[in-house]
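Listed here are the chains, written in short residue letters.
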Amino acid sequence: MSEIKLQNIVKKYGDGFPAVNDVSIDIRDGEFIILVGPSGCGKSTLLRMVVGLEDITSGELLINGQRVNDKAPRDRNLAMVFQNYALYPHLSVFENIAFPLRLTKGKFSDAEIDERVNRAADLLELREHLQRKPANLSGGQRQRVAMGRALVRDADAFLFDEPLSNLDAKLRGQMRTEIARIQRRLGTTTIYVTHDQTEAMTLGDRVAVLKKGVLQQCASPRELYEQPVNLFVAGFIGSPPMNFLPARVDGDRLSLPFGSIPMTPDLARLVEGKELVIAGFRPEHFEDASVLEPHRRDAGVVIEVDVDVTEWLGNELYAYVPYEPDAAVAKQLEELDRDLDGEGMRTQIVVALDAKSRIRDGDRAQLWFDPARLHLFDPETGTTITRDEDEARRIDTENEEERKQALERARLSDERAKEKAAAV
Amino acid sequence: MSRKERNLWILGGIGIVVYALFPVAWIVSLSLKAPADIANQQFLPTKLSWTNYELILTGSASDLFLPALRNSFGICLIATAISCVLAMFAAYAIARLDFPGKKVILSTALGVAIFPVISIVTPLFNLWRQIGLYDTWPGLIIPYLSLTLPISIWTLSAFFREIPWEMEQAAQVDGATSWQAFRKVIVPLAAPGVFTTAIIAFFIAWNDFVYGISLTSTEASRPVPAALGLFSGASQFEAPNGPIAAAAVIVTIPVVVLVLLFQRRIVAGLTNGAVKG
Chain S
974 MSEIKLQNIV
984 KKYGDGFPAV
994 NDVSIDIRDG
1004 EFIILVGPSG
1014 CGKSTLLRMV
1024 VGLEDITSGE
1034 LLINGQRVND
1044 KAPRDRNLAM
1054 VFQNYALYPH
1064 LSVFENIAFP
1074 LRLTKGKFSD
1084 AEIDERVNRA
1094 ADLLELREHL
1104 QRKPANLSGG
1114 QRQRVAMGRA
1124 LVRDADAFLF
1134 DEPLSNLDAK
1144 LRGQMRTEIA
1154 RIQRRLGTTT
1164 IYVTHDQTEA
1174 MTLGDRVAVL
1184 KKGVLQQCAS
1194 PRELYEQPVN
1204 LFVAGFIGSP
1214 PMNFLPARVD
1224 GDRLSLPFGS
1234 IPMTPDLARL
1244 VEGKELVIAG
1254 FRPEHFEDAS
1264 VLEPHRRDAG
1274 VVIEVDVDVT
1284 EWLGNELYAY
1294 VPYEPDAAVA
1304 KQLEELDRDL
1314 DGEGMRTQIV
1324 VALDAKSRIR
1334 DGDRAQLWFD
1344 PARLHLFDPE
1354 TGTTITRDED
1364 EARRIDTENE
1374 EERKQALERA
1384 RLSDERAKEK
1394 AAAV
Chain U
989 MSRKERNLWI
999 LGGIGIVVYA
1009 LFPVAWIVSL
1019 SLKAPADIAN
1029 QQFLPTKLSW
1039 TNYELILTGS
1049 ASDLFLPALR
1059 NSFGICLIAT
1069 AISCVLAMFA
1079 AYAIARLDFP
1089 GKKVILSTAL
1099 GVAIFPVISI
1109 VTPLFNLWRQ
1119 IGLYDTWPGL
1129 IIPYLSLTLP
1139 ISIWTLSAFF
1149 REIPWEMEQA
1159 AQVDGATSWQ
1169 AFRKVIVPLA
1179 APGVFTTAII
1189 AFFIAWNDFV
1199 YGISLTSTEA
1209 SRPVPAALGL
1219 FSGASQFEAP
1229 NGPIAAAAVI
1239 VTIPVVVLVL
1249 LFQRRIVAGL
1259 TNGAVKG
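Read top to bottom, the protein sequences are chains S and U. Each number in my numbering comes from the position in the first sequence (counting from 1) with 973 added on. Each number in my numbering comes from the position in the second sequence (counting from 1) with 988 added on.
Any given hint could be a false lead.
Stated by the list, open to error - Cross-link-like lysine-lysine pairs, in silico, DSSO-like; alpha carbons within 27 Å at most:
#, chain 1, residue 1, chain 2, residue 2
1, S, Lys1106, U, Lys1172
2, U, Lys1090, S, Lys985
3, U, Lys1172, S, Lys1080
4, S, Lys1078, U, Lys1172
5, U, Lys1172, S, Lys1044
Unchecked claim - For each label pair, taking beta carbons as the anchor points, the in silico distance ranges come out as:
#, chain 1, residue 1, chain 2, residue 2, range
6, S, Gly1079, U, Pro1088, 37 to 43 Å
7, U, Ile1102, S, Ser997, 55 to 61 Å
8, S, Ser1212, U, Pro1176, 42 to 48 Å
9, U, Val1247, S, Ser1082, 21 to 27 Å
10, U, Trp1038, S, Asp1083, 53 to 59 Å
11, U, Trp1167, S, Arg1092, 28 to 34 Å
It should be emphasised that the hints constitute simulated quantities derived from the structure, not laboratory data. Beta carbons are placed, not taken as given, at the ideal position from N, Cα and C, and that holds for glycine.
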């Protein structure tokens, strides 16, 4: 129903500091896009510029090809769910949801308003609460009322500003799937701001990662995970985060704080001429060598490390391995840690091992990993040396196909449900 | 809290209530004493008598008291209404908008509030005489606005600041104009604040004596506090204490009624449930 185009959007505050700097994103019709980044990265500001609560300093904002930079929020026909819900406490749930409809003087009859509010209430399972006041509702119910207020009108797009951050963990999981279900069913273009990467990875058709107001990468969750464009994206996506280690290039071998590992010829060609790179390992790409089948063991590299602390979580085991940082990249890694809201504690790597592993605190352990899954970054610019553009494109097309299929499926099942209802 | 501690608190509370209500009780008792009974050297009247009330409501003092009561009600209600509406707009702007001179407005309001009334009464008297406002309702309403507006602006802007910004922004995104957002969302939410402010403003105007006595001369506009000062006894040797006490009791009643009527509306926390708290 609507496409939103952000072209070189800039937001400067009074002191000249660009909170959002030159962000361009093309949001396709029916797409679910996530804006994510550490606190203060400008993601909420960007959303508020789209909805019209903040002025756009420069750049163009197009909705369905129309420039809306100077339009008031009420003329943009967007619906927004606020972080603290912003329900009207003096109105009942019914009137809260009906509020946008009542403002369009005379466009809807009372019967129509009734019907629309009830439809939204059914979708969100709020039927029995319609006559209550927001003060008497639980957090999850309030959240649903806020969504109801957004759903009830035929808005061109839904905007969410960290809608789940006030809920407890269990409810957050439930509401997350609920939002995904509703979005698929309605097929409405959605922009969703969050700092929670689980939400970002699970909800988004595409995820835009922002850092200090600058767009780093806008891609499908899988591409962000597998083909990040730079150190920041690689470090931000994934939990526990990717481990970064200084690595010296030594002919066709890479020398790491834990010893030297061989490089594939492809890898060796990529780092040719470089002396020092930053190597990135996902914690889940490590295995405990002692519980691994021999044929897999031979396909990778085994390193021997001293484990400091372990955390057993039932489904997996985290082991922390301290190492001596290399002075040449220490500054770069420290800065990255700050950008990611880290505490700059100690230099250690985290590995996620099989829960069967017998490695415990203080052990000397053998860890296995596959060097083909290694990411290498340029220490000066932070860009990913190992990024495979063809692979990224392939993931992108695949993702777009899956999105269209999902929308189609939702449409079909909706039609079937309607037919069923008509038959009854 | 231990038992002993609680008893101490109760005892202290009773002490304060007695201390605060004693003058009121005294006036009530005084108003119920017959003229001859006033100097009976005891707290309670020897015999209940309604003569004082008869005197001010139907008797010789009623010419003085009843028009004054009407004036007081009219003038104070109008002044309160005007000051509330003006203060609401001013406070909303102060709480929500960033405009040059915001601080100046607030500090001027404070300055006006602390400016001693007695020092402007004389110039005002001369001015009012010349422009024909002397001894008229507007002649009192305007100075009362200067008394009530500052405090109204201050209290209301505090109330408006308590209302989360998001409420209006949500209304705007929902399709409301600024005026609709103000009228349909902000005003209902600020209602307790408006009531509180109205009551405070009403009391300030109701209690004024200096303007009332200086800027009026006849029953055309003389308010109750000024009228009380003009009561005279039956003879020049008799103090009019009884009728004054009776009139004081009568003018206290609307104040008490107002508070009882609105105390439920003055509960803060109407915004509960607006946002996750």
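Evaluated hints:
no.	hint	verdict
1	S/Lys1106 - U/Lys1172	holds (16 Å)
2	U/Lys1090 - S/Lys985	holds (24 Å)
3	U/Lys1172 - S/Lys1080	holds (18 Å)
4	S/Lys1078 - U/Lys1172	holds (14 Å)
5	U/Lys1172 - S/Lys1044	holds (22 Å)
6	S/Gly1079 - U/Pro1088: 37 to 43 Å	holds (40 Å)
7	U/Ile1102 - S/Ser997: 55 to 61 Å	holds (56 Å)
8	S/Ser1212 - U/Pro1176: 42 to 48 Å	holds (44 Å)
9	U/Val1247 - S/Ser1082: 21 to 27 Å	violated (44 Å)
10	U/Trp1038 - S/Asp1083: 53 to 59 Å	holds (57 Å)
11	U/Trp1167 - S/Arg1092: 28 to 34 Å	holds (30 Å)
Violated hint: 9 only; the structure is consistent with all others.
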